[in-house]
Every structure is written in C-alpha cells, then in structure tokens.
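Position chain C with the ligands against the provided structure of chain W, taking the given hints into account.
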Amino acid sequence: MSGAQKAARAAESRDIRNRWLLSAPALLIVIVAAVGPLFVMLLYSFMVKGDYGDVKFGQFSLDGWSSVLFQRDIFDDTLGLADAHLAIIWRSIKLSFLTTLFTAILGFPTAYFIATRPAKTREIWVFLVTIPFWTNLLIRTFAMQQVIRNEGLLNNALVWLGIIDSPLQIMYTDTANLLGMTYVYLPLMVLPLYASIEKLDFRLVEAGYDLYANRLQVLRRIVLPLVSPGIVAGSILVFIPSLGAYVIPRVLGGGKNMMLGNLIELQFGAGRNWPLGAAISITLMALVMIALLIYVRNAARSGAGHA
Amino acid sequence: MSAEQRQRAIEIRGVSRIYGEGEHRVTALSGVNLAIAENEFFTLLGPSGCGKTTLLRLIAGFDFPTDGEILLHGEDIAPLPPFKRHVNTVFQSYALFPHMTVAENISFGLQMLGRPKDEIKTRLDEMLELVHMTAMRNRQVNQISGGQQQRVALARALAPKPQVLLLDEPLSALDYKLRKEMQVELKRVQAETGITFIFVTHDQEEALTMSDRIAVMSNGEVRQVGTAREIYDQPSDRFVADFIGESNFLEGEVTTVSETSARVKLSSGVEIDASLPAGKTPSGKVTVVIRPEHASVGEPGPDHLNGTLEEAAYFGTDTHFHIRLDSGDLFTVREQNVRSVRDQHRKGERIAAHLGPSAAQILKDRS
Ligand SMILES: Nc1ncnc2c1ncn2[C@@H]1O[C@H](COP(=O)(O)OP(=O)(O)O)[C@@H](O)[C@H]1O
Ligand SMILES: [Mg+2]
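Residue numbers (our numbering), protein chains in the order written: chain W, 1 to 307; chain C, 1 to 367.
Next up, chain W with everything else stripped away, as it sits in the complex (with noise of 0.2 Å):
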C-alpha cells in the first residue's frame, strides 16, 4: 500500500469515527428511551409479581406470560382460558379494525374532496384538517361523550326531531368506543391518503373514462389501486394507536368495554401484576409489529408493480 493511499485510509476511518461521534447522542437517546424500557419490560414479564405491585427481583416465573391466555381456576385450581383477557383482545383488534375500516370509508371523499380543490384552498383544508390536534386528547373525549350521552347533543336531537322516543344508550358500550376512535383517529387517515391522491396522475381518471369505465369502475381499478400506498399508510396511523388506546375506552366505554391500554393499566394499578401488565404490553407490541409486517409486505408487493 502506498503511502497515498494509507492517508486515504486514514482520512476515511477519522471521517466514520467523526460520523458516529456525531451522531451518538440520537443512538444514546434512543437506546436509553426506547429500547431499555422495552427491555425492563421484558425483565419484568419473566419475574414473580410483588405483593403490593413491583416485582420480586431475581425470583424468574412464567406466571405473568402464562395469565395472558390462561387462568387457574379459584375451586379445582385446573388451568382454564382467560375468556375476560381474550374478550378484551378480540375487542380491541375488532375495535381497531373496525376503527380503522370507518376512518378510511370516511377519509376517503374527505382527502379525494381537499385533493382535487384548486391549490390555494387545499391548503386551508388540510390546516382544518389538523385543527382537532391543537385540543388535549382528554378533552376531546370528553367532547364526544357530551354527545353521545343520554342527555348528550345526539339524543336530545333525536328526540327532538321524534326518530327515537327515549335516548340510545351509546355511552359505556363498543359503540361509544368505536364512534370516539373514530372521530380523534379520521385526520390519520385523511392525511396519508390525501398525499398520495394529490399525487394522483388525474389524467390517468380521464384516460379511465374515455376508455368507457363509468366511475364506480373507475374508482376501483384506477384511482384505488395508485393510492393503495396512502390508504395502507394511513391504515397503519389509525391501527396501531388505536389497538393501544388507553384514554378514549376508559372515559366513552367504561369499566365493561375496556381495551388493551386499560388492561394493563389496571395489572400496573389496581391489580398489583406488573408481570402479567408487562407480558400484555409485550403481546400488544407483538400485535403492532404483525401488523407492520403485513404491510411492508404488501408495500414490497406493490412496490415492485410500480417502480
């Protein structure tokens, strides 16, 4: 090797070093923030749970893990499914779905609506869009729940008008739950979605048309399957916070229709099994990183049709 070429070497190594001593606090902060309490989760979730809360350090059970799924029954102590854990997971990826399925139903004309006004405006409609973010999540569940409630805004209009003779009990069921994700989820969705239909190709719509699709055919097999990126971004956003939703079951579905947040709330509080609330947590995250892996996926699949 030449002498040149050491130098070069050298040059190069100093410049990787200074690379990664720059970029060191970001990698400090993340693994210290993100990654060690996910690790401290995963500790707790192999640990025997503490008689007032904690845990007790050292002392390894499978008993929190176990408890996600299994229950001993309190007489003959046989290990029975957790019917009350699975009913709260199954609400909650239904919920999720279900959320995520309406917010999509209903962003869809509202991102195709902004995307296709003149671009001055579009501008002010995605700022509207954004404005419910500038209120605390609490409060805004409270907002909804001040209109779904039995003397809510909805019911007494129903009344009103003669459609219903008493109020609908919408407060404290998935309903109640399902209507608040909705609402505090849909600018997730509108979002994406308008990104990718504002870089929609429209002539590629009126190449549909004058090729005799009417527009049903051509929503289907034009316009969504090019913003198919869209749709699946914001069908992430919508899914995965709403599978961990925490504050909208606990105040609209109450103690009934509670949700994976509230379930481990309750084992970190109340229930005093942070094992079994770490192993939850755990499994929540296994759900989301499902989720993730289906779509990138899809998102490989149809990226490699388009590129």
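Hints are computed from structural coordinates only; laboratory data are not their basis. Note that this is a predicted model, so its numbers are computed, not measured. Glycine included, each C-beta is placed from N, C-alpha and C at the ideal position. Among these hints, one or two may not hold up.
To be verified - Some chain C residues close to chain W (C-beta under 7 Å, calculated; not the full set): (1) P82; (2) F83; (3) L113; (4) H322.
Frame of chain W, contents of chain C with the ligands only:
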C-alpha cells in the same frame, strides 16, 4: 368522392370555450366550425396555446363547450358522458395505467364495455400485432421505451374500435427518427382500420405529410381548412402563410381584377399578377404572399423585383438568396443548387427576383 359528400363523422358548430371570469377570462376557442368526414385523417395544426387540446377535450367529453354543439354521426353528444362516447383518445402524455401490463392496458376498454372474454383475447392479439408489441405483452408499462409506450397508447385507444380517434400531439415526445417512423406507422394504421383520425400537432411538416385535410388554428379560431396543397399554395391569410412554410409578404394595390387573378401594383411601382383568395374579391390595398421557391434570381429589369443581394446562404440542396428590394422590403428566393451554376452571385450585387407563373397570392386580410 369529396370530403364534403362523405358521411360526416364529426361536426362542430359554432363551438366556443371560455375559461375563467373577469381579468382571468381566457377564450380558448371561439366560434369554431368544422366538418370532418368519415375515414378522414384530419389534422388540427397551430402554435402552442391555440386551443387544439381544448377542442379534443370537448369532443372526448372531458370538458363542455360554453357555446355551440358537437355532432357525432349527426347526433348531438352534449348529454353523453365521456364513457358513453364512441370516441377514444391517444393522450399527449400517453396516460398509460402504471399498475397494469401492456396487455391489461390494451384490453381495458373492451373489458369496460363488457365484451366476452374470447373476443377480448382475439382483439388484444390483433392489436398487439398491429403495433408490433406482441413480444412485450406482459411487460409493465414503465419497463418499455417511450416509442413502445406510444404504440401501446395507440393500441389501447384503437382496441374498442372507436368511431373517431383523437390524437393529441402523440409524437411530440419522440426523437426525430422515431417520430418519422411513427408518422408512417400512424398512416398505415389509419388506412388499415379505416377509423377517422383527428390528429393534433404544432409541427407543420408533420401536418403537411400526414393529413387528408388540415385546419390551421390560431388564438382559438380556425383560420383555414384545406388539403396540405391548398393550405400551402393558397394560404388565406397572413397567419397561415407565415406559420406554414416560409413566405415573402409585399404590399400593393389592386389595379384590375379578372376571374381568377388580379394585377397588383406593388409599392415599388412594379405590377405583378396575383391569384385571388377563395371567396373574396379584393380591392384597394392588399398584401400578396410569395413563397421563396416560387421565385428565382436573375438580371434586374422593369418587370422584376429589383434589389441588392444581401446574403446568399448555402444549404446543400438549395441556396437562400436574401435580397433587399429597392422598396426596402427583404425578399427571400430559394433556388435548388445545380452543379453547373456555382457561386455566380456576390454580396452587394444588383440582382432581381423573377416570379414564376401564379407565384403571388393575394391574402384575405390586410395587415
Ligand atoms: N382549464 C383551463 N383553465 C383556464 N385556461 C385554460 C384551461 N385549459 C386551457 N386553457 C387555456 O386555453 C388556451 C388553449 O389551451 P390548449 O387547448 O391547451 O392549447 P394547445 O393544445 O393548442 O396548446 C390556453 O391559453 C390555455 O392557457
Ligand atoms: Mg395541447
């Protein structure tokens, strides 16, 4: 059979399209009248922004006229949405569906029309053959070249057998050689399918070589309709004469008028014969147009356009002589180069443009 006698595929009656209001008001088309015959290769020719695309969009149904009506085989198509008009478009940008293969793109129209599967398959094979794309049928459309995309766009628009095919500057994105090839291809396809083509271009050469008839447009108006020869040899106004080919314009006054021609006294005092514009008997001051190749250089004389040679530009096959006439006008003569005569004329030399028979044409407008 003349174009007028054949069945009319498209008739455009007094069509205007005005965009915007107040100070943003743009008149994209104003009072356009056209009758396009069946099987005709009809070209809309004009500079960018003259309203060609707008007219095609009105015919296709993507946009609606502010005024006037459009008839397809005698039937007013105003109430029909684009997907009910038997008119297909080859878009300037091709607008191929990026999420479909070549074959899927071409079969799309037939599928939407609900044609039976085997018919679609036969027609697809036919179309692939017609545009020489059989080997590429399963390619994604972004994996083929621009020229191939052009062919797919053509096949896709032809597959449903439209009554009229609209082509919006389909060749403008191709390089010169490919464009020449596609011009021949398009003519062949039109002859083979017998479909009426309305072809848009801003390229005069393309228009002259390909079209049965040409409509020259400017500022949303049709300035002249005719065959390539009519438009070139008898331009009706200054815009057409200027836009198509090269022209010399000279001012003069009509002295006597006969049936087909008139004597025009030019400002230099020379009197020449000039043919009359169609449908108008001129009088008083007029502009005459003379094509550079319809004149030749020669000795000065009382009946010729005398002047001084400013420049002789050699172009291989021909030479352009720029003569400063005694009247002050610049006059160009284009002469074919013959081996025996070489470099006889020098800059600054006294010279004259001799006009051939019926070289001069009186324009309708005075400007
Ligand atoms: N949607 C529209 N809104 C406003 N003006 C338009 C619109 N479409 C076309 N125009 C105007 O109409 C004129 C003709 O345009 P176009 O038909 O595209 O011309 P060409 O195809 O001959 O280049 C242009 O001045 C253009 O700016
Ligand atoms: Mg155009």
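Verification of the hints:
| no. | hint | verdict |
| --- | --- | --- |
| 1 | P82 | 4 Å, holds |
| 2 | F83 | 5 Å, holds |
| 3 | L113 | 5 Å, holds |
| 4 | H322 | 45 Å, violated |
In this structure, only the earlier hint numbered 4 is contradicted, and the remaining ones agree with it.
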